[in-house]
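Protein chains in written order, with numbering that gives the first Met the number 0: chain A, 0 to 339; chain B, 0 to 258; chain C, 0 to 586.
Think of the hints as simulated: they come from the structure by calculation, not from any bench. Positions of the beta carbon are idealized from the N, C-alpha and C atoms, including for glycine.
Derived contacts from chain B toward chain A, CB cut-off under 7 Å, selection only:
{"no.": "1", "residue": "PHE90"}
{"no.": "2", "residue": "ASP97"}
{"no.": "3", "residue": "ARG100"}
{"no.": "4", "residue": "LEU101"}
{"no.": "5", "residue": "PHE104"}
{"no.": "6", "residue": "ARG107"}
DEER-style ranges, computed between Cβ atoms:
{"no.": "7", "chain 1": "C", "residue 1": "GLY562", "chain 2": "B", "residue 2": "ARG172", "range": "31 to 39 Å"}
{"no.": "8", "chain 1": "B", "residue 1": "ALA63", "chain 2": "A", "residue 2": "ARG82", "range": "17 to 25 Å"}
{"no.": "9", "chain 1": "B", "residue 1": "PRO91", "chain 2": "A", "residue 2": "MET58", "range": "42 to 50 Å"}
{"no.": "10", "chain 1": "C", "residue 1": "TRP309", "chain 2": "A", "residue 2": "ASN171", "range": "43 to 51 Å"}
{"no.": "11", "chain 1": "C", "residue 1": "GLN386", "chain 2": "B", "residue 2": "ARG86", "range": "19 to 27 Å"}
{"no.": "12", "chain 1": "A", "residue 1": "THR146", "chain 2": "B", "residue 2": "PRO91", "range": "18 to 26 Å"}
{"no.": "13", "chain 1": "B", "residue 1": "PRO126", "chain 2": "A", "residue 2": "LEU216", "range": "22 to 30 Å"}
{"no.": "14", "chain 1": "A", "residue 1": "GLY207", "chain 2": "B", "residue 2": "ARG86", "range": "28 to 36 Å"}
Here chain C is said to cover these stretches of chain B; the calculated rule only asks that three of the stretch's residues, wherever they fall, bring their Cβ under 8 Å from a Cβ of chain C:
{"no.": "15", "stretch": "33-46"}
{"no.": "16", "stretch": "163-175"}
{"no.": "17", "stretch": "187-198"}
{"no.": "18", "stretch": "236-242"}
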Amino acid sequence: MIDTVLFLLVDGLTNGLVYALLALSLVLVFTVTRVVNIAQGEYVMLGALTLADLLQGRMPGTLYLLIGGLALCAVLDAGRWRRDWRRAALYTGGLIVAGVAALALTRGALALHLPVIGMMAVALLLVAPLGALIYRFTVHPIPNASTIVFVIISVGVSMSVQGLGLLIWGANPYPVEPIAAGGVMMGPVFIPYQSFAILITALLAMGGLYLFSEFTLIGKALQASAMNRLGAQFCGIPVNLTGALAFLLAAAFSAVSGMLLAPLITANYEMGFMVGLKGFVGGAMGGLIDYPLSLIGVMIVGGLESTSAYVASAYRDVLVFSLLIPILLWRNTRARAEAR
Amino acid sequence: MTKLLEIANLTVGYGEAIAIDDISFSVARGEFVTFIGPNGAGKTTLLNSLMGVLQQRSGTVTFAGEDLRTLKPEARVARGIVIVPERRELFPGLSVEDHLRLGAFLRRREGRAKMAAALERIYALLPKLKERRRQLAGTLSGGEQQMVAVGRALMAEPQLLMLDEPSTGLAPRITEEIFEAIDRLKAAGMTGILVEQNAHLALSVADRGFVLEVGNVVASGDAESLRQDPRVLAAYLGAGDRYREAMTDTEITSRTEEG
Amino acid sequence: MSARAMLAAFVSAGLLIVPWLLPSFYVGIFAYAGIYALAAVGLVLLLQAGQISLGQGAFMGLGAYGSALVARAYGVDTMVTLIVSVCATALIAALIGFITLRLRGHYLPLATLAYGIALAAVFTAWHEVTGGASGLDKIPPLRLFGFELIDDRLYTQLIWIVTLLTVLGLSRLRTSRTGRAIATLEAHDGLARAFGVDTTVLRVKVFVFSAVLAALGGALYVHLLRFVSPSPFALMTSFKLLIMAVLGGPMSAAGGVVGALAMEGAQWTLQDVLARWGLSGNLEVIVFGLILVVVLLKWPQGLWPAVERWLPKPSLRSREGSGLSRSTLTANKGEVLLRLDDIGIRFGGLQALQGVGMELRRGEFVGLIGPNGAGKTTLFSIISGLQRQTTGRVTLFGEPLTADHTLIRRGMARTFQHVQLMPDLSVIENVALGAYCRTKAGFIRGLFALDGEENRQALASARAALERVGLAAEADLAAGSLPLGKQRIVEIARALVADPQILLLDEPAAGLRFSEKLTLVKILRQLQAEHVTILLVEHDMELVMGCVERLVVLDRGRIIAAGSPKDVQADPAVIAAYLGGGRDKAA
Numbered sequence: 000m001i002d003t004v005l006f007l008l009v010d011g012l013t014n015g016l017v018y019a020l021l022a023l024s025l026v027l028v029f030t031v032t033r034v035v036n037i038a039q040g041e042y043v044m045l046g047a048l049t050l051a052d053l054l055q056g057r058m059p060g061t062l063y064l065l066i067g068g069l070a071l072c073a074v075l076d077a078g079r080w081r082r083d084w085r086r087a088a089l090y091t092g093g094l095i096v097a098g099v100a101a102l103a104l105t106r107g108a109l110a111l112h113l114p115v116i117g118m119m120a121v122a123l124l125l126v127a128p129l130g131a132l133i134y135r136f137t138v139h140p141i142p143n144a145s146t147i148v149f150v151i152i153s154v155g156v157s158m159s160v161q162g163l164g165l166l167i168w169g170a171n172p173y174p175v176e177p178i179a180a181g182g183v184m185m186g187p188v189f190i191p192y193q194s195f196a197i198l199i200t201a202l203l204a205m206g207g208l209y210l211f212s213e214f215t216l217i218g219k220a221l222q223a224s225a226m227n228r229l230g231a232q233f234c235g236i237p238v239n240l241t242g243a244l245a246f247l248l249a250a251a252f253s254a255v256s257g258m259l260l261a262p263l264i265t266a267n268y269e270m271g272f273m274v275g276l277k278g279f280v281g282g283a284m285g286g287l288i289d290y291p292l293s294l295i296g297v298m299i300v301g302g303l304e305s306t307s308a309y310v311a312s313a314y315r316d317v318l319v320f321s322l323l324i325p326i327l328l329w330r331n332t333r334a335r336a337e338a339r
Numbered sequence: 000m001t002k003l004l005e006i007a008n009l010t011v012g013y014g015e016a017i018a019i020d021d022i023s024f025s026v027a028r029g030e031f032v033t034f035i036g037p038n039g040a041g042k043t044t045l046l047n048s049l050m051g052v053l054q055q056r057s058g059t060v061t062f063a064g065e066d067l068r069t070l071k072p073e074a075r076v077a078r079g080i081v082i083v084p085e086r087r088e089l090f091p092g093l094s095v096e097d098h099l100r101l102g103a104f105l106r107r108r109e110g111r112a113k114m115a116a117a118l119e120r121i122y123a124l125l126p127k128l129k130e131r132r133r134q135l136a137g138t139l140s141g142g143e144q145q146m147v148a149v150g151r152a153l154m155a156e157p158q159l160l161m162l163d164e165p166s167t168g169l170a171p172r173i174t175e176e177i178f179e180a181i182d183r184l185k186a187a188g189m190t191g192i193l194v195e196q197n198a199h200l201a202l203s204v205a206d207r208g209f210v211l212e213v214g215n216v217v218a219s220g221d222a223e224s225l226r227q228d229p230r231v232l233a234a235y236l237g238a239g240d241r242y243r244e245a246m247t248d249t250e251i252t253s254r255t256e257e258g
Numbered sequence: 000m001s002a003r004a005m006l007a008a009f010v011s012a013g014l015l016i017v018p019w020l021l022p023s024f025y026v027g028i029f030a031y032a033g034i035y036a037l038a039a040v041g042l043v044l045l046l047q048a049g050q051i052s053l054g055q056g057a058f059m060g061l062g063a064y065g066s067a068l069v070a071r072a073y074g075v076d077t078m079v080t081l082i083v084s085v086c087a088t089a090l091i092a093a094l095i096g097f098i099t100l101r102l103r104g105h106y107l108p109l110a111t112l113a114y115g116i117a118l119a120a121v122f123t124a125w126h127e128v129t130g131g132a133s134g135l136d137k138i139p140p141l142r143l144f145g146f147e148l149i150d151d152r153l154y155t156q157l158i159w160i161v162t163l164l165t166v167l168g169l170s171r172l173r174t175s176r177t178g179r180a181i182a183t184l185e186a187h188d189g190l191a192r193a194f195g196v197d198t199t200v201l202r203v204k205v206f207v208f209s210a211v212l213a214a215l216g217g218a219l220y221v222h223l224l225r226f227v228s229p230s231p232f233a234l235m236t237s238f239k240l241l242i243m244a245v246l247g248g249p250m251s252a253a254g255g256v257v258g259a260l261a262m263e264g265a266q267w268t269l270q271d272v273l274a275r276w277g278l279s280g281n282l283e284v285i286v287f288g289l290i291l292v293v294v295l296l297k298w299p300q301g302l303w304p305a306v307e308r309w310l311p312k313p314s315l316r317s318r319e320g321s322g323l324s325r326s327t328l329t330a331n332k333g334e335v336l337l338r339l340d341d342i343g344i345r346f347g348g349l350q351a352l353q354g355v356g357m358e359l360r361r362g363e364f365v366g367l368i369g370p371n372g373a374g375k376t377t378l379f380s381i382i383s384g385l386q387r388q389t390t391g392r393v394t395l396f397g398e399p400l401t402a403d404h405t406l407i408r409r410g411m412a413r414t415f416q417h418v419q420l421m422p423d424l425s426v427i428e429n430v431a432l433g434a435y436c437r438t439k440a441g442f443i444r445g446l447f448a449l450d451g452e453e454n455r456q457a458l459a460s461a462r463a464a465l466e467r468v469g470l471a472a473e474a475d476l477a478a479g480s481l482p483l484g485k486q487r488i489v490e491i492a493r494a495l496v497a498d499p500q501i502l503l504l505d506e507p508a509a510g511l512r513f514s515e516k517l518t519l520v521k522i523l524r525q526l527q528a529e530h531v532t533i534l535l536v537e538h539d540m541e542l543v544m545g546c547v548e549r550l551v552v553l554d555r556g557r558i559i560a561a562g563s564p565k566d567v568q569a570d571p572a573v574i575a576a577y578l579g580g581g582r583d584k585a586a
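Chain A with its partners taken away, still in its complex shape (with noise of 0.2 Å):
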């Protein structure tokens, strides 16, 4: 009985971290710029099957996706050649640049046969990036459009990301290697090395955003917009380039969670969605603007995933959800009580 209440913690945890990194991404996305994100899965997938294509040696469509989004960034905003022409060159010689960058980056990460790790640096590289340029397609044209219209415009970038994933990797689903095969008994249980680097990674991950948002000015800069948008704009930090941060780091870490996963199960191209709804329910336990609670949330339904593994329960998604309801309220009761 112990040996099997072991087991579910381990195998709970490790799936409630892998949540965490996308609730913390849809966070971060929404106290920053007010978007609910629903593409945040997509970016799971843009992970896990980059770092499939790395680790078998061949160029990930992702690469591409990246170089056609710099260029269509470089054609849309054509008009700073008019208002300023050098600060246009910097930024179209920029766009050129990590274009190339990322080019060679793959190229040489394909020849030097990086282990594991190196290739889920290179493939965050080409990932994360992605982020900020679908930050500046949807959310920067329109910045004051209401809720619901973001809601449907990432519901659209969605459906096209996934289309694009099944377009570049088609249907059938790839293995990825873990970060190290084999495991260790631990007293009566067994626990895969994967659940370590997952435990290591995911911490990593975490202190580092930590870190980054304490420790920096600009992530000072981050949470000063996401308390308080006019503030830090009187403050001269430029809300648009946060926001487009937001959704990189944002993308990086679904990124992360996406390698992380793909071992665990299949990668394919739409495994972003399902994982996406997971992390969502985390992130709404914690109104989407409460970091911890939304750990708890993950916490919460990697362990009911991993239980009902074992007592199979078909109302799993049923529970997990209409818990939802309750603790909505209760948010809710409190959010209008600290507005008064």
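Guided by the hints, dock chains B and C onto chain A, whose structure is given.
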């Protein structure tokens, strides 16, 4: 004296509403001017439009020779136009010192030594902030929050400091502390625009004053002469009687309506 | 028949003929489009009321499973099971709505997402009854008194008849008493409640109605397909419906139909065209996603407003004849209508008001003034029932103050500091909201156009009020298109339609030009001559001094002076409060 800020025929509004109607004035370097008037006169609107939060409808705003029309708030901060907003606009979850550092966000590449020196200058001017440096802004009293807002603005090393109703909601003793700090800034040569409802307080620090009444400047002059000017009281308490007169010429028709 | 109605009839007839012209493969698609349109139209109504739902797919599922399971198990005529199932869904929706509709901001969509997924998950999980993920077959077709509807084309026609009738009903509702109230729900509750709308009940009604339409769509779907499984009612369907509603444009019920046709049409056309170019392989999802993003970036209001600009204007509902009766106000001054005793209120540590006492007598014109932060707004909120005082008593017509949405029935109407009009509705519709508390027709009567006489009276009263304030010529313009000065006067007209004895005016001159203020003063004077009792909060002192009889001056939460304008202007305490004490005193 060189003109730092020149405003010609500025009109600002919210949607259809006109809040500032065709105002012209200028501020010389090293000068402190004040806009006084009752609430609803358009004082805050004026500062918000100079800050770029509100679009100007017509007229020109020239700062150090540059037309500001298309600049966003953050670009104006980069030019040295900094505001202490009426509602303070602090970040409740960040500490006092974080606010001050963020105030110098655009000067972040100047190095640690300069940042430390700038912080010390602010702490010397507003000693209470030093005591509270680690405290979160959301837990401060109203007066301390106002000091944070002033300190944060000063960290940007403004060319033009705009203060919006710094005395609102504060006890007289706290107000006095803040105005003493303004006195010292002025003595150090700061250029500023002070918007205040409290006319006597505002005229006690400013060099020149403008009296705003529902979007229009109804009186202006040096602070001393304005203090005696009956038009100031008239602006606040409505001495004019255009409405009363208008009514006597107009016959009141009691239109009948169907049952 | 107006040009608009002719066009609508023509298009509807076209849509009803379509099933007979299409190849049989496309008939099914067209039928599904009609079902989605029905559910999307319900969602449009929900969006108009400022709500959002990511759970409509689940309500479709409830309607579908309910009807299918009962019909399959008991062999009852499916027309009956369909109605039973829709009613049951309505009950469930009422319960869910009652619980979740108090949520605000982004909590509401998250909650709808939660119950949407939870309900949909039940369809899969309750294997013994629903057949789980593989579903149930052998579901009887639509049947009534032994007549079975099995012809797909006839069935499709039926679906579209239901959908088009719903659109017609909702368009009627939009210009009815309840429709006007629904339109106010999107804004802050204060407006609706000030005009006597019980917002909680109305929100639940709207929510239930939208769930009913979804359930009806679901039931029609299941008897068409004659097979039921969880996947058509999963989260993706809820998203799809929301996309249809937002893409079509939530301004009008027709937007739901436009959205559904645009979305289904775009999907199938893309699939067709891309396949013809040899570009199959799910490229259409990518292109569709991109189109969706681009369309919303270009038209955040949706497609319908872009279409509607080219259509003839809709015909207007009758407003001729006499309006609602108006009470005659006596000139009997002296009777105390509103009385404040020792009002105090604390916010946290701040004593915002203390010991405030004043009276408003019949026919009086009183001004309430004070510098920034004096507590005028707070006092105004207490008088209009939006806020509760900590100490003291408010007495209206000799009785204690009741809940905010009942005050207008007792004879106290108000205007708002920030103009609260429904900008897309015409001026006269906005003004007619004032008659809400004096008329009765509810949701159903509005929907089925059984409110003709009453609605005519309300509109006639609105027209009369507009004539009274000199805005008769602007009656049919969109309220949002008027200059601010006129919008403020529209607010006064709206309050007048409620036939108030007391009129509360919250900064009616803010943002107006001099000429507009002059018009305002003339109207106020005229109302005073008609013995309306007026309490005015205003910053423009010249205006206040020029029209009120008596002034009450607040400073730092207390009354510091009261009396005629001349006396108040000369009062040293008032001068000190306004100009400030200066620093000598402060130090």
